[in-house]
Each structure stands twice: as C-alpha cells, then as structure tokens.
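Visitor: Protein chains in written order, with my numbering: chain A, 3 to 115; chain B, 24 to 139.
For the record, the hints were derived by calculation from the structure and aren't laboratory data.
The reader is advised that the hints may include incorrect statements.
What the hints assert, rightly or not - Derived DEER-like restraints, expressed as beta-carbon distance ranges:
{"no.": "1", "chain 1": "A", "residue 1": "115", "chain 2": "B", "residue 2": "84", "range": "42 to 48 Å"}
{"no.": "2", "chain 1": "B", "residue 1": "24", "chain 2": "A", "residue 2": "98", "range": "20 to 26 Å"}
{"no.": "3", "chain 1": "B", "residue 1": "91", "chain 2": "A", "residue 2": "115", "range": "42 to 48 Å"}
{"no.": "4", "chain 1": "B", "residue 1": "93", "chain 2": "A", "residue 2": "58", "range": "29 to 35 Å"}
{"no.": "5", "chain 1": "B", "residue 1": "74", "chain 2": "A", "residue 2": "56", "range": "23 to 29 Å"}
{"no.": "6", "chain 1": "B", "residue 1": "39", "chain 2": "A", "residue 2": "71", "range": "50 to 56 Å"}
{"no.": "7", "chain 1": "A", "residue 1": "65", "chain 2": "B", "residue 2": "24", "range": "14 to 20 Å"}
{"no.": "8", "chain 1": "B", "residue 1": "41", "chain 2": "A", "residue 2": "46", "range": "28 to 34 Å"}
{"no.": "9", "chain 1": "A", "residue 1": "56", "chain 2": "B", "residue 2": "49", "range": "22 to 28 Å"}
{"no.": "10", "chain 1": "B", "residue 1": "33", "chain 2": "A", "residue 2": "65", "range": "26 to 32 Å"}
{"no.": "11", "chain 1": "A", "residue 1": "55", "chain 2": "B", "residue 2": "41", "range": "46 to 52 Å"}
{"no.": "12", "chain 1": "A", "residue 1": "28", "chain 2": "B", "residue 2": "69", "range": "14 to 20 Å"}
{"no.": "13", "chain 1": "B", "residue 1": "62", "chain 2": "A", "residue 2": "54", "range": "30 to 36 Å"}
{"no.": "14", "chain 1": "A", "residue 1": "30", "chain 2": "B", "residue 2": "124", "range": "18 to 24 Å"}
Unchecked claim - Derived lysine-lysine pairs resembling DSS-like cross-links, with alpha carbons at most 27 Å apart:
{"no.": "15", "chain 1": "A", "residue 1": "59", "chain 2": "B", "residue 2": "60"}
{"no.": "16", "chain 1": "A", "residue 1": "103", "chain 2": "A", "residue 2": "73"}
{"no.": "17", "chain 1": "B", "residue 1": "91", "chain 2": "B", "residue 2": "45"}
{"no.": "18", "chain 1": "A", "residue 1": "59", "chain 2": "B", "residue 2": "65"}
{"no.": "19", "chain 1": "A", "residue 1": "103", "chain 2": "B", "residue 2": "80"}
{"no.": "20", "chain 1": "B", "residue 1": "94", "chain 2": "A", "residue 2": "59"}
{"no.": "21", "chain 1": "B", "residue 1": "60", "chain 2": "A", "residue 2": "103"}
{"no.": "22", "chain 1": "A", "residue 1": "103", "chain 2": "B", "residue 2": "94"}
{"no.": "23", "chain 1": "A", "residue 1": "20", "chain 2": "A", "residue 2": "71"}
{"no.": "24", "chain 1": "B", "residue 1": "94", "chain 2": "B", "residue 2": "60"}
{"no.": "25", "chain 1": "B", "residue 1": "80", "chain 2": "B", "residue 2": "94"}
{"no.": "26", "chain 1": "A", "residue 1": "71", "chain 2": "A", "residue 2": "19"}
{"no.": "27", "chain 1": "A", "residue 1": "103", "chain 2": "B", "residue 2": "65"}
{"no.": "28", "chain 1": "A", "residue 1": "103", "chain 2": "B", "residue 2": "81"}
{"no.": "29", "chain 1": "B", "residue 1": "45", "chain 2": "A", "residue 2": "103"}
{"no.": "30", "chain 1": "A", "residue 1": "67", "chain 2": "B", "residue 2": "65"}
{"no.": "31", "chain 1": "B", "residue 1": "91", "chain 2": "B", "residue 2": "81"}
{"no.": "32", "chain 1": "B", "residue 1": "45", "chain 2": "B", "residue 2": "60"}
{"no.": "33", "chain 1": "A", "residue 1": "19", "chain 2": "A", "residue 2": "67"}
{"no.": "34", "chain 1": "A", "residue 1": "73", "chain 2": "B", "residue 2": "65"}
{"no.": "35", "chain 1": "B", "residue 1": "65", "chain 2": "A", "residue 2": "20"}
{"no.": "36", "chain 1": "A", "residue 1": "67", "chain 2": "A", "residue 2": "103"}
{"no.": "37", "chain 1": "A", "residue 1": "59", "chain 2": "A", "residue 2": "20"}
{"no.": "38", "chain 1": "A", "residue 1": "103", "chain 2": "B", "residue 2": "91"}
{"no.": "39", "chain 1": "B", "residue 1": "45", "chain 2": "B", "residue 2": "81"}
{"no.": "40", "chain 1": "B", "residue 1": "81", "chain 2": "B", "residue 2": "94"}
In this text, a Cβ means the ideal position worked out from N, Cα and C, and glycines have one as well.
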Amino acid sequence: EAQVTQNPRYLITVTGKKLTVTCSQNMNHEYMSWYRQDPGLGLRQIYYSMNVEVTDKGDVPEGYKVSRKEKRNFPLILESPSPNQTSLYFCASSDGTVAEKLFFGSGTQLSVL
Amino acid sequence: GENVEQHPSTLSVQEGDSAVIKCTYSDSASNYFPWYKQELGKGPQLIIDIRSNVGEKKDQRIAVTLNKTAKHFSLHITETQPEDSAVYFCAAQNNAGGTSYGKLTFGQGTILTVHP
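So here's chain A without its partners, still in its complex pose:
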C-alpha cells in the first residue's frame, strides 16, 4: 500500500530535550516536505526537499532541522524544542520535484511543556 509513515503519532516532551520525528515513504517519490498545522493558520511549510541531499527552507524553518540522506526518509529534528513548537506536524511526498498531488502522513501531535 502506498503510504507516508510518520512516527510517533503523539509526543509529549519538555523544553530543550532534542527530538526527532521520522517520515518515510514507499512510493519512490522525489519531493518530500514538512508542514505544521495550527488553528487559524492553516498548514505552514517548514522545510522541503526536491531530491536526495537537497533541502530548502519553507516559510517557518526557525528551530527545525532536516536531512535527506536517502530518498525514502526525511526526518524532522528539533534540537531544542520550545513551547511555541507545540503543534500538529505533517510529512508529505509527491512524485516529481514540486509539491503537486501531495500524499500526506497521518500526522504527529507534539506537545512541548
């Protein structure tokens, strides 16, 4: 089954404790991206990657890191989480090098205390 898998689904952590949210897709897609969803703000792009070893900042990259060492994986790293990073996070992928016809994961609800 074609899918984008994110883990964990729920995460509660404390300020400053480094964490990683994993994302993996099994569709051999070139493009992958991370979004955060906040009430009233819609989905905002954090980082995206058009190919292996190529990553670019989205609209809200501050406080986040990503890497794209393999085509299928695109982890999101929070080196020192803060309460304003409490949000619902989505990973997405698409065929091609642009964000067309995105497939989204099921989301990761992160709470930073």
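Starting from the known structure of chain A, arrange chain B on it as the hints suggest.
Guide: Leaving out everything else, chain B in the frame of chain A:
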C-alpha cells in the same frame, strides 16, 4: 512570498445544498492551485487541482474555478452529503521556477459541516 487568504473559516449547510469556498492569492506568478480535504484525525488528501492555463475543472460533484486577473479561485461542492463534512484547504504554488519554486502555500482552512 505568496500569501493565500481563505473564506469563510466555517460553513454550515443542509444536505443537498451547495457549498462554495473562496481563496485569493498574492503572487501573480503562482500557476498551480490544489484543494485538500482533511477528515478528523487524518492527514489532508488532494481532492482536485487546477493549473493557471485552465479556467474551470470538474470532478463529479466538485468543481474549481480560477480567475487569474482577480487572483482568486473557488471550490464548489454540489449536492452536499454528510460525508463531505471536513476541513478544506486551498493552496497556491509557482512551479515554473524562481525563488518560490517548490514552496506550497496553504490557506487558513474552512470547516464545512453538512447537516442531514
């Protein structure tokens, strides 16, 4: 960069009525406009998209219209059903090149409720 405004934020209709959600965008270079539906507890799912060289596109009960001059596009759902209840997001992208290439900007979302 691109800015997408979406209205209304909530929409309540009776089953069988039509629903219309509108979005405006700021970057005249944007040329790809998708709509996503997000059901409770799930990730968004693409329901329809349109490119700037097309004025209208239909898929069964769903249609999207685009006015490039006014820089706005709309989602039309006819004969609504309770299972259409969800959050709908519009988005815009310039996939022809430039500094915003690869970036997809979403609207704020519309909560659609269809009452039986």
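Visitor: Work down the list of hints and note, for each, if the structure agrees.
Guide: Verification of the supplied hints:
1. Under the hint 42 to 48 Å, the C-beta atoms of residue 115 of chain A and residue 84 of chain B, about 44 Å apart, fit the expected range.
2. Restraint check, residue 24 of chain B to residue 98 of chain A: a C-beta distance of roughly 21 Å satisfies the suggested window 20 to 26 Å.
3. Taken as a hint, the range 42 to 48 Å holds for the pair residue 91 of chain B and residue 115 of chain A, whose Cβ atoms sit roughly 47 Å apart.
4. Look at residue 93 of chain B against residue 58 of chain A: about 30 Å separates their beta carbons, and that is inside 29 to 35 Å.
5. Between residue 74 of chain B and residue 56 of chain A the Cβ separation comes to about 24 Å, which falls inside the hinted range of 23 to 29 Å.
6. In this structure the supplied range 50 to 56 Å holds for residue 39 of chain B paired with residue 71 of chain A, their Cβ-Cβ distance being about 52 Å.
7. Between residue 65 of chain A and residue 24 of chain B, the C-beta spacing of about 19 Å keeps the proposed range 14 to 20 Å intact.
8. Between residue 41 of chain B and residue 46 of chain A the beta carbons are some 30 Å apart, a value that agrees with the proposed interval 28 to 34 Å.
9. Checked against the hint of 22 to 28 Å, the pair residue 56 of chain A and residue 49 of chain B passes, with Cβ atoms roughly 27 Å apart.
10. Evaluation of the 26 to 32 Å hint for residue 33 of chain B and residue 65 of chain A yields a pass: the beta carbon distance comes to about 31 Å.
11. About 47 Å separates the C-beta atoms of residue 55 of chain A and residue 41 of chain B, a value consistent with the hinted range of 46 to 52 Å.
12. Separated by about 18 Å at the C-beta atoms, residue 28 of chain A and residue 69 of chain B satisfy the suggested range of 14 to 20 Å.
13. Against the hinted window of 30 to 36 Å, the Cβ-Cβ separation of residue 62 of chain B and residue 54 of chain A comes to about 32 Å, which satisfies the hint.
14. Our hint of 18 to 24 Å for residue 30 of chain A and residue 124 of chain B holds, since their Cβ atoms are close to 22 Å apart.
15. With a CA separation close to 25 Å, the supplied pair residue 59 of chain A and residue 60 of chain B stays within the 27 Å bound.
16. Simply put, residue 103 of chain A and residue 73 of chain A have alpha-carbon atoms about 18 Å apart, close enough for the 27 Å limit, and the pair holds.
17. Taking the CA atoms of residue 91 of chain B and residue 45 of chain B, the gap is about 13 Å. The hint holds against a cut of 27 Å.
18. Straight-line distance between C-alpha atoms of residue 59 of chain A and residue 65 of chain B comes to about 25 Å, which keeps the hinted pair within the 27 Å bound.
19. Between residue 103 of chain A and residue 80 of chain B the alpha-carbon distance is near 15 Å, which keeps this suggested pair within the 27 Å criterion.
20. Between the alpha carbons of residue 94 of chain B and residue 59 of chain A the distance comes to roughly 25 Å, so the proposed pair stays at or under 27 Å and holds.
21. As the CA atoms of residue 60 of chain B and residue 103 of chain A are separated by approximately 12 Å, the hinted pair is consistent with the 27 Å bound.
22. About 21 Å separates the Cα atoms of residue 103 of chain A and residue 94 of chain B, which keeps this hinted pair within 27 Å; it holds.
23. Note on residue 20 of chain A and residue 71 of chain A: the hinted pairing holds, with a Cα-Cα distance of about 20 Å set against a maximum of 27 Å.
24. This hinted pair checks out: residue 94 of chain B and residue 60 of chain B have alpha carbons roughly 22 Å apart, not beyond 27 Å.
25. For the suggested pair residue 80 of chain B and residue 94 of chain B, the alpha carbons sit about 17 Å apart, so the restraint of at most 27 Å is met.
26. Distance restraint check for residue 71 of chain A and residue 19 of chain A: the Cα-Cα separation of roughly 24 Å lies within the 27 Å cut-off, and the hinted pair is therefore satisfied.
27. For the suggested pair residue 103 of chain A and residue 65 of chain B, the alpha carbons sit about 16 Å apart, so the restraint of at most 27 Å is met.
28. Of the supplied pair hints, the one linking residue 103 of chain A and residue 81 of chain B holds, its CA atoms being roughly 16 Å apart against a limit of 27 Å.
29. Using a Cα cut-off of 27 Å, the hinted pair residue 45 of chain B and residue 103 of chain A holds, with the two alpha carbons roughly 20 Å apart.
30. Pair hint residue 67 of chain A plus residue 65 of chain B holds up; C-alpha atoms about 24 Å apart against a cutoff of 27 Å.
31. Restraint check for residue 91 of chain B and residue 81 of chain B: the C-alpha separation of about 18 Å stays at or below 27 Å, so the hint holds.
32. For the proposed pair residue 45 of chain B and residue 60 of chain B, the alpha carbon gap of about 14 Å is at most 27 Å, so the pair holds.
33. For the proposed pair residue 19 of chain A and residue 67 of chain A, the alpha carbon gap of about 14 Å is at most 27 Å, so the pair holds.
34. Our distance criterion of 27 Å between C-alpha atoms is met by residue 73 of chain A and residue 65 of chain B, whose separation comes to about 24 Å.
35. A C-alpha spacing of about 26 Å is found between residue 65 of chain B and residue 20 of chain A, which places the hinted pair at or below 27 Å, so the restraint holds.
36. Taking the CA atoms of residue 67 of chain A and residue 103 of chain A, the gap is near 24 Å; set against the 27 Å cutoff, the hint holds.
37. For the suggested pair residue 59 of chain A and residue 20 of chain A, the alpha carbons sit about 20 Å apart, so the restraint of at most 27 Å is met.
38. With a CA separation close to 21 Å, the supplied pair residue 103 of chain A and residue 91 of chain B stays within the 27 Å bound.
39. Between residue 45 of chain B and residue 81 of chain B the CA atoms are separated by roughly 16 Å; this keeps the pair inside 27 Å, and the hint holds.
40. Annotation: proposed proximity of residue 81 of chain B to residue 94 of chain B holds, straight-line Cα distance about 19 Å (limit 27 Å).
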